[in-house]
Amino acid sequence: MKNWLILHVHVFLSALRKFFSTPLSSLFNILVIGIALSLPAGMYVMLKNIQNLAEQKIASPQISLFLSMDTSKDDITRIDRQLKQHAAVGQARFVPREQALEQLKQTTGLEDVIGGLEHNPLPDAYIVHPKISDASALKTLKHELQRWPKIEHVQLDLDWVQKLEAILKFGLMAILILSMLLGFALVAVTFNTIRLQILTQREEIEVSRLIGATSAFIRRPFLYFGLLQGLLGGAAAWFIISISLYMLNSNLSQLTDLYSANFTLHLPSTEDQLALLLLSACLGWMGAWLSVSQHLWKIEPR
Amino acid sequence: MIQFSNVCKRYPGGIDVLKNISFTIGEAEMVFLSGHSGAGKSTLLKLIAAIERPSSGSILVNGQNISLIKDGALPFLRRNFGLIFQDHKLLYDRSIFENVVLPLKICDFDHRESAKRVRAALDKVGLLNREKANPIALSGGEQQRLCIARAIVNRPSILLADEPTGNLDTEYSGEIMKIFRSFHQVGVTLVISTHDEGMLGQFNGRVLALKNGELHP
Ligand SMILES: Nc1ncnc2c1ncn2[C@@H]1O[C@H](COP(=O)(O)OP(=O)(O)OP(=O)(O)O)[C@@H](O)[C@H]1O
Ligand SMILES: [Mg+2]
Chain A
1 MKNWLILHVH
11 VFLSALRKFF
21 STPLSSLFNI
31 LVIGIALSLP
41 AGMYVMLKNI
51 QNLAEQKIAS
61 PQISLFLSMD
71 TSKDDITRID
81 RQLKQHAAVG
91 QARFVPREQA
101 LEQLKQTTGL
111 EDVIGGLEHN
121 PLPDAYIVHP
131 KISDASALKT
141 LKHELQRWPK
151 IEHVQLDLDW
161 VQKLEAILKF
171 GLMAILILSM
181 LLGFALVAVT
191 FNTIRLQILT
201 QREEIEVSRL
211 IGATSAFIRR
221 PFLYFGLLQG
231 LLGGAAAWFI
241 ISISLYMLNS
251 NLSQLTDLYS
261 ANFTLHLPST
271 EDQLALLLLS
281 ACLGWMGAWL
291 SVSQHLWKIE
301 PR
Chain B
1 MIQFSNVCKR
11 YPGGIDVLKN
21 ISFTIGEAEM
31 VFLSGHSGAG
41 KSTLLKLIAA
51 IERPSSGSIL
61 VNGQNISLIK
71 DGALPFLRRN
81 FGLIFQDHKL
91 LYDRSIFENV
101 VLPLKICDFD
111 HRESAKRVRA
121 ALDKVGLLNR
131 EKANPIALSG
141 GEQQRLCIAR
151 AIVNRPSILL
161 ADEPTGNLDT
171 EYSGEIMKIF
181 RSFHQVGVTL
191 VISTHDEGML
201 GQFNGRVLAL
211 KNGELHP
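Line order of the protein sequences matches chains A and B. Read left to right, the first sequence gives residues 1 to 302 (UniProt numbering). Read left to right, the second sequence gives residues 1 to 217 (UniProt numbering).
Chain A on its own, in the form it takes in the complex (with noise of 0.2 angstroms):
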């Protein structure tokens, strides 16, 4: 056990040894993954923040509660401590049918109709602001708040969330797509460089077979590099990643400023960069296996 670590440990620093043995072009190969994979990784991070704005600022989707007319004020009460109760609810507030009268002849401008009238016509009503986000149990809200007595409308406007949740989903195929179509060019460029790899250590490979090196043997160190080269592309894409959020952090502070608002762009969570690295040492290694796999056993030693 203690060998095979030894061993193991071995063969990773040689694969180390030979990165650095050809700084410039292992440089190379490292930035072109590393830039292969920040784009769909940024544009991952990019939808993230999108979400995380969206889901607190703009798209908090509201419930409004019309009362039916003859409501006594024990039922709003009951009502209230109802809503105050429910796990679903944050924030509710009470709009009384006087106050939004008064909101209709600001907001419209249609004093004079509204001042005609003998009667207010608006029930009192609710402005429910609920915890969930998720359409479906929104709707499963809204189905429950209608059953509750003296209640005589319940309006959600899903609009809103519903098209969110549809651009985030058409954003996820999108980076998708574009993921596996970069993960694709980053086993052919593993593949290429091992290829190169193995042409250069015809020699060695031949004559290690003929003193009885065993496929595994062969194989390993070129399994290793693919794998090292790929996790250096994945901190590469990383550090891309991070560096440009810097920069756009501080060109949006400007923007945010002038808007008085307060927003900036958030790093991946750890987890999603770890899977990063596993993601593209995984790449690395496959394409590094196909590329042994494919030329490793046309030298056959004569």
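To be clear, the hints were calculated from the coordinates, so they are not data collected in a lab. Some hints here could point you the wrong way.
Unchecked claim - With a Cα cut of at most 20 angstroms, we get these calculated SDA-like pairs of lysine to any residue:
(1) K105/B with R202/A
(2) K105/B with K298/A
(3) K298/A with E52/B
Based on the hints, put chain B with the ligands in the right spot on chain A.
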């Protein structure tokens, strides 16, 4: 230890290089393989190490029929051999030490122990003080000795040497033969090919003489 029974070898599209070869080499024996250029000496040695497969007949090494051996088991068979190639097959992108340590690396040998073994092997062929040099900096005879060091470093039980004294003058080849005889004394089986009739006369070991692909006793 090594047994050929009715072995024929034909390269794809070619004539029969070896025809109906049968012989036995016992343990710790030292045998010369002689024959003119193109007689099939290298081919015969490659058959023993399973680098080439026979067209017909069977080859036993340590009681194992190597023409039946699976590809996966081949590396472990090869580790029994020390191979000295006619064309050296040294690696010129690394030091002499790195060249000799390769067979040990392949067997996952312990690092400190392998450094010791490499130095012992280099000492045996008189190249100990050159371990950091590149093999390209060695003379023909020194490269030949480096090949020997690489072949013996994992202490094989069988040493197969293909024209180890190829284009060396008699003084050098005498030195190399001295090294071989010291292995013979410690019980290593040796098969040494040569086209140098003079050398055969000098040492009175057993000789397998190849002529036009056939064995002449
Ligand atoms: N891979 C190969 N493919 C086809 N023919 C081959 C191959 N290797 C060797 N031969 C032929 O087999 C014959 C014997 O070759 P071999 O190398 O065994 O001779 P040799 O006795 O070692 O000669 P030398 O003393 O010149 O090294 C030669 O005619 C050669 O052309
Ligand atoms: Mg030959």
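Right, here's what the structure says about each hint:
1. K105/B with R202/A: Between K105/B and R202/A the Cα gap is close to 18 angstroms, so the pair holds against 20 angstroms.
2. K105/B with K298/A: Given pair K105/B, K298/A is violated - Cα atoms ~23 angstroms apart, limit 20 angstroms.
3. K298/A with E52/B: 16 angstroms, holds
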